[in-house]
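So the sequences go chain by chain: A and B. Just so you know, the numbering used here puts 89 at position 89 of the first sequence, and the rest follows in order with no gaps. Adding 93 to a residue's 1-based position in the second sequence gives its number in the numbering used here.
Hints are not guaranteed to be accurate.
[Said to hold, decoys possible] Keeping only pairs whose Cα atoms sit at most 30 angstroms apart, straight-line, the calculated DSSO-like set for lysine-lysine is:
| # | chain 1 | residue 1 | chain 2 | residue 2 |
| --- | --- | --- | --- | --- |
| 1 | A | Lys29 | B | Lys320 |
| 2 | B | Lys320 | A | Lys13 |
| 3 | B | Lys381 | A | Lys77 |
| 4 | A | Lys37 | B | Lys107 |
| 5 | B | Lys107 | A | Lys29 |
| 6 | B | Lys107 | A | Lys13 |
| 7 | B | Lys405 | B | Lys320 |
Everything labelled a hint here was simulated from the structure, so no lab data went into it.
In case you want the letters, here they are:
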Amino acid sequence: MAVKVRIPSPLLKLTNNQGEVSAEGNSVKEIFDDLEKNYPGIKERVYDEEGQLRRFINIYINEEDIRFVDGESSSVKNGDEISIIPAIAGGLF
Amino acid sequence: MGFVKGLICKECRKIYPKEALHVCEFCFGPLEVDYDYEGIRKVISRKSIENSPPNMWRYKALLPIDGEPTVGIHCGFTPLVKTKNLGKALGLENLYVKNDSVNHPTFSFKDRVVAVAVTKANELGMDTVGCASTGNLANSVAAHAAEAGLESYIFIPSDLEPGKVMSTLIYGARVIGVNGSYDDVNRLCSEIAMNFKWAFVNINIRPYYGDGSKTFGYEIAEQLGWKTPDNIIVPVAGSSLITKIWKSFKEFKDLGLIDKVKTKIFAAQATGCAPVTTAIKNGTDVIKPVKPNTIAKSIAIGNPADGYYGVKTTEESGGWGEDVNDDEIVEGMKLLANTEGIFTETAGGVVVSVTKKLIKQGRINKDELTVLSITGNGLKTREAIENSVGKISIIEPKLGAFNNLMEKN
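The whole structure should be built from the sequences, with the hints applied where relevant.
Pasting the structure below:
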């Protein structure tokens, strides 16, 4: 499944300043594994030392917070848009 | 000159310059203001504060501005009311109400944060201010922008109470109603903030803005005769106020202005939007966002920015969290009005009824000094009570008609 991922400004250096990149996978977790292959270092920024998504990051699939769905296991389908948004005050693109 | 060194990440402690920033670039944690407390200690004392005019700027050394305040000079120092009848009704002997429903100029505690944020926007040379708001912040940003001569863009959920919409438009603000919840509005504003370089008070000015709330706590401590209460009940939306009250008490102690802090901090939410009190009750600091459904719209934030810190605050202070349903909220508003003559908005009803619940649970004892945080004015949310306050008696303009009425009663 190919999805679009919107990159917040603190992570733009890792994606050569591309605000939107595409990635493959069937779940949020797989999407991040795929992103790490193309943009090494991105997982370290999004996950903490214990391998959990950082507390101050929220992930959305098409505007829906994944905490309302299945968290990292939430499934994604072709054409979905994933947003990575700092938790404080909603976002920072 | 003020005492702000810069900004610092609350989580990883990375430091940043004092600019319009709010998120740590590395760990995404929130930024907070880094003060020069040694410098503050040299200029602040009980006496220096007591000799200052009765407004929130008497604590200016502890606020994140570099020069003099440029707006909201008369904000703050609202009454701390020792209750008579409400205490009796609730079975408390030592109950106070901190009454920000009469704050200047827009009748809610938000005037404190906005006075700081708009002063900061001026200092940073920004010409347009904005906010995402559930209503009280909208009123306050619009009013202070008018005073400052700045443009303002106010984003609100499109189903907000008409009273709050009108009392924003009157100041000449551009008001945009967004079809969605506050959390949707907030997300949209975050994107707009990046594209337009405006001072969004609760987004890119947030670290400064939030510290205006500390004055609510400083005032309570000063007005109690330089001590903090045993208990304080605080309405929780994004969890900023509750966190800053706790910070204000600790700062006063660290600066030697009070001897000790033994205050339990209690979070109060509406059952229809209770992500923070739910986390507290479940013994976790992981906030599960909710879709709000409550008449307490001013505190209906389903994805609270500082929710984690709200939970930590109640835990650290030995407090707790509780929530009440819409009927209980209205009962709370009526009880405060009937007993003390104070007409608060729905969030205040939440605080009164949550307090009642906490007393019942044995978490608050009758002889303890307890403060209710009343943060907004009832005239703004009249819709919430229009069907539960009774009806007027209509008579002809004749004495006989009145006599008949009295006999019937």
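Checklist entry - What are the numbers of the hints that this structure violates, sorted from low to high? => result Hint check: 1, 2 fail, others pass.
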